[in-house]
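There are 2 protein chains.
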Amino acid sequence: MPPMSDYESLLARLAELGHLGHAAALLGWDQQCYMPHGGALARANAMGAMGKLLHERFTDDETGRLLSNAEAEGAEEGSDQALTLRAVRRDYDKSVKLPTALVSSLARETALAHEIWVKARQENSFAQFAPTLEKLLGLSRDVADHLGHGGCRYDALLDQYEPGMTTAQVATVFAEVRDGLLPLMEIIREGEPVDNSCLKRGFDDKTQLQFAEYIAKKLGFDFERGRQDMAVHPFCQGLHRTDVRITTRVETHWLPGALMGTIHEAGHGMYEQGFDPKDDDTPLSGAASLAFHESQSRLWENIIGRSRTFWNVFYPGLQHHFPGVLADVDVHQFYRAINHVEPSLVRVEADEVTYCLHIFLRFELEQELVAGTLAVKDIPEAWSAKMEQYLGITPPSDALGCLQDVHWSGAMFGYFPTYALGTMLSAQLFEKALASDSTIEPGLVRGDYAPLLGWLRTNVHQPGRRYLPGELTERICGEPLSAKPLIRYLHSKYREIYVAEHRDRKRIL
Amino acid sequence: MPPMSDYESLLARLAELGHLGHAAALLGWDQQCYMPHGGALARANAMGAMGKLLHERFTDDETGRLLSNAEAEGAEEGSDQALTLRAVRRDYDKSVKLPTALVSSLARETALAHEIWVKARQENSFAQFAPTLEKLLGLSRDVADHLGHGGCRYDALLDQYEPGMTTAQVATVFAEVRDGLLPLMEIIREGEPVDNSCLKRGFDDKTQLQFAEYIAKKLGFDFERGRQDMAVHPFCQGLHRTDVRITTRVETHWLPGALMGTIHEAGHGMYEQGFDPKDDDTPLSGAASLAFHESQSRLWENIIGRSRTFWNVFYPGLQHHFPGVLADVDVHQFYRAINHVEPSLVRVEADEVTYCLHIFLRFELEQELVAGTLAVKDIPEAWSAKMEQYLGITPPSDALGCLQDVHWSGAMFGYFPTYALGTMLSAQLFEKALASDSTIEPGLVRGDYAPLLGWLRTNVHQPGRRYLPGELTERICGEPLSAKPLIRYLHSKYREIYVAEHRDRKRIL
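Same order as they appear, the protein sequences are chains A and B. Counting in this note's numbering, the first sequence tops out at residue 656, every number present. Counting in this note's numbering, the second sequence tops out at residue 656, every number present.
Quick caveat, the hints were computed from the structure, so don't treat them as lab data. A few of these clues could be false.
Intra- or inter-copy, both count: the list cannot distinguish identical chains.
[Stated by the list, open to error] For lysine to any residue, the following SDA-like pairs were computed, each having C-alpha atoms within a straight-line distance of at most 20 Å:
#1 Lys-364 with His-184
#2 Lys-365 with Gly-185
#3 Lys-241 with Leu-230
#4 Lys-199 with Gly-168
#5 Lys-425 with Gly-185
#6 Lys-425 with Leu-188
#7 Lys-364 with Gly-185
#8 Lys-425 with Ala-187
#9 Lys-199 with Ser-156
#10 Lys-266 with Lys-524
#11 Lys-282 with His-554
#12 Lys-266 with Glu-371
#13 Lys-199 with Glu-163
As the structure is a computational prediction, the values presented were derived from the model and not from experiment.
Input sequences plus hints: build the corresponding full structure.
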C-alpha cells in the first residue's frame, strides 16, 4: 500500500473516533431503554469516561496537525474533500475551545441527572431536580463562555445545535410564526368544535405498538437497520446509518401517543438511515442540524401522518387492528379528531397549531435562565405564567409542567428552538418537494411513500453534513428559512377542518 | 489534595479503563440481544475499535511505569494493595505480549463471526461458518504463540480462562470424572425409567419467563442491579457489580429451557452482583476464573434448582402458574422428571450426569483443532464420532451438533473445559458450605436461600480476583480442586432417583 496522505490519515482517525462514538451512543440508548436503576452511577462513570476520551482524541494535537496539513494540501472547491475539511475544521475549532475536564464533567453529570429527573418527574417534585439543574446550568454557562460569544451566552449554546443561527434571528422568525398563528387560533376557537373522544377509547397496548411499527415500515423506516423500544421520553438514537434506534411510549387511552410518536421518531430514523452509504464512517455522514432533523420528524408525523390522504389509506387498517373500537367513527370524523386543536400541557402531544407556542415558552425561559435573570427555583412559577400567556392554561403539576421534557437533564439548553425551526422547515421542504416532483402527490394518495422519501433522500438526507443548515435550505428551496410555508399550510388545513364553509367548498371542488 | 502516589495513579488509570470496558461490554450484550441485523458491520468496527483502545491503554508504557513504581513502593504481604499489584502484574505481563493489531483484529473478526454463526446455525450449514472458523483459529494460534507456551498452544489459551491450569492437569481430572461417571451411567441405564414427558407439555412462553424471574429473585438475583433479556445463546454479561445482564430463551414445549437456564444465568449473575462493593472499579472486582464463575451457575442450577428440597418449596407455585398443565403430576414425579438422565445432543440442556461428557468431547476436539491435527472441514464428522463414543447418539444436523455453541464464533478456544471444572467445583464448594454453616441446610428446606448466598458471598464472591483459582479453592476448601465431591454427589442423588431400593431406604430413613 502507498503511504496515506494526511487527508487520508485524518479520515482514518475520524473513522475510528466514529466507531468509539458508536459505543458512547449505545450507552445513552441503553440508559433510557434498559439499564436497571442500580446501574446509574456506573453508567455515568462510563459515559463520562467515553465523553472525555472522544473529546481528548478529537482535540489532540495530532488531529490538528493532520487537519492543517490536509488543508495545506488543498482540495478542489466544492469537492467532498473540501466540504469534509470545512466540516471538520468547524467541529475542531469549536471543540478545542472546551477543556476536556468540562466535557467529561458534563457527560458524567448529565448521565447522573437523567435518573434524578426521571425520579423527580415520577414523584412530581421540581425541588428534587432543582439542585441538579442549577449545576448543569452552571456547566452550560461555562461551555458558552469557553465557546465564546458577543455578550449573549445563549448564542453560543444555540450554535451547538443550529450552526450559524443567532438568538436574535430565532426571535425574529418566531415572531412571524406567532403573528401567523394567533389569527388562526382565533378562527379555530370560533369554528365548529372537533370531538376527539374517539382517540381516548381503550386501545390494546401491544396492538398499538404493532400498528405503529406497521405504519413506520410502510413509510420507509427500515427495521433491518433499526428497531423500536420503549422509553420514558421518546427519542431517536442513530448508532450508525445501519443501526438506528427509535423509541416510544404507549398509553391505552390515548391513541396518538404511540402512533404519532412512532411516526415522528421514524421520521428522525429515516433521516439517519438515509445518509449516503458512500459517506459511511466519514465526517459527512450526519444531520445538517437539529432543525433539519426535526423537519423530517415533523414532516412525517404531521404533514403526512395527520393528512386526509394518509388516513384515507390507513384508516380501514386501523379499524381492523382494533376490532369494534372505532366501528362508529368514519374516516372523516377520525381525520378531524386526529387534528383536534386545543391548548394542552404536554409539548410532545401538542397539536400542530399550538406546538410552536410550547417552544416559544421554553426559548424565552432558557434565555433568562442562561442569562441569570430567572432563578432555577422560580421556574415552576415562570412556566405557569408563560403557559397562561401563550396557551391560556395552567399546569396542575410540575410533571405536566417544567419537568415534562428530558432536555434540561441533558444540559441541552439551546436545543428547544430547533423544534420550531424544524417545524417551519418541514412545511417549506414539503412545498418544495410537491413543486419539484409531480409523482409525490399521486404516491401519497395511493399510500406509496417512496417518491416522497426518494426526494428527501436526494435533497435532504444524502447531502449529510456537507452544508451549513442555512446553505442547505437555500440550495434546496432557493430561499432562506421562512415562516410563510408553515403559516400557509396551517391556515389552509385548519380552516378546512374548523370552518364548515371552507370544508364544503373543498368537497365540491 | 496531596499528590497521588503511583499506586493511586495506577488505580485511577485502571478505574477509567474499567469505565471504558463497561461501554465495550455493552456493545457485546446489545449485539446478542437487540442489535438489528443490518448493524453487524458497524458493530464489529465499534467492538474492534474499543478492543484496540482498551488494549493500547492497558499495555502502554505509562501503565507499566506506574505498576513498576508502585511495586517498588512496596506493600504489606497479603494486603489488598499487594494482591492488587499481583493481579495487575499478571494481567499486564500477559497483555503486553499481544500486539494491539492482533487484539483489535480478534475483537472485530469475532464480532463479524457472531452474525455468520447465527445465520449458519439457523440455516444448519457448517460450511457457511467454516471459513470464519478457520480464520479465528489462525488468530487464536497467533495469540497462543505470542503468549508463549512450552510446545502446547492449548496451554496458553486455557490459561486465559483458567489461570494456572494446564492441559495435562485438565486431562487428569477429567479422566477421574469420567471414571466416576461411567459406572453411574450403567446403573441409570439399568434403573427404573424416568418419564419426563410432563416437561414437554405446552407452557405459555410469557408465564415461563415470569416464573423464571420470580425464582431468580427468590434465590437472590437483584433486579434493581440487573435484568433479563432474550438471546439466541443464553449468557450473562456483567457491566458492573450494579448492572448485571442475564439472558435466556424460551421453548413452549420444553419447560427446563428457560427455567433452569435462568437459574443458571442467575447463578452467574449473583456472582457478578456479589463482588465486594469496596472493590468497585478496582482490579480486585471480578471473577477468580471461569471455573469459579461456572461453579456458581451450576451450583444454583443443579445442586439447588434440581434438588428435592427446592421443588418441595416451589412446585405448588409452578403448578399455580400453569393452571391445569401439571395437575396430574405430583412433586415426586416432577422431581424425577427434572432429573431425567438421557444422552442428548445439546450441551446446555444436558442433564447433570451426561453434561461433562459434552465438555470432554469439546476439550478433545479443540486440542486437535489448535494443534492442527483436525482440519476445520472435518469437524462435523469428528463431532459425530465423539458423540457416538461418549453418548451413543449422532446429531441429525450441524445446528444440533458442532454449530450449537456460540464460543468458537468468539474464538474462545480453551473456554469449554472451565464448564466441567466449574461443575466439579460446584459440588466441592457446596459440600464445604454445608459442613461450615449449619444454617444453610435448614434454609434450603424452608426456601430461604440467604444463608447459602451469604456463605458464597463471603467465601467466593467477595474475594474477587485476590487469589488465583487454585489458591482460592485451597483457601475455601482446604484442598485442591477434586472430582470426588461431584462423583459422590451424583452417585448419591441418582442412585436414589433411579434405583428403587435406594429410594425406599432413604424414604424410611
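These are the hints, each one checked on the structure:
no., hint, verdict
1, Lys-364 with His-184, "between (32 Å within a copy, 16 Å between copies)"
2, Lys-365 with Gly-185, "between (39 Å within a copy, 18 Å between copies)"
3, Lys-241 with Leu-230, "within (17 Å within a copy, 45 Å between copies)"
4, Lys-199 with Gly-168, "both (11 Å within a copy, 14 Å between copies)"
5, Lys-425 with Gly-185, "between (41 Å within a copy, 16 Å between copies)"
6, Lys-425 with Leu-188, "between (38 Å within a copy, 15 Å between copies)"
7, Lys-364 with Gly-185, "between (35 Å within a copy, 15 Å between copies)"
8, Lys-425 with Ala-187, "between (37 Å within a copy, 17 Å between copies)"
9, Lys-199 with Ser-156, "between (22 Å within a copy, 17 Å between copies)"
10, Lys-266 with Lys-524, "within (18 Å within a copy, 56 Å between copies)"
11, Lys-282 with His-554, "within (14 Å within a copy, 46 Å between copies)"
12, Lys-266 with Glu-371, "between (34 Å within a copy, 15 Å between copies)"
13, Lys-199 with Glu-163, "both (15 Å within a copy, 10 Å between copies)"
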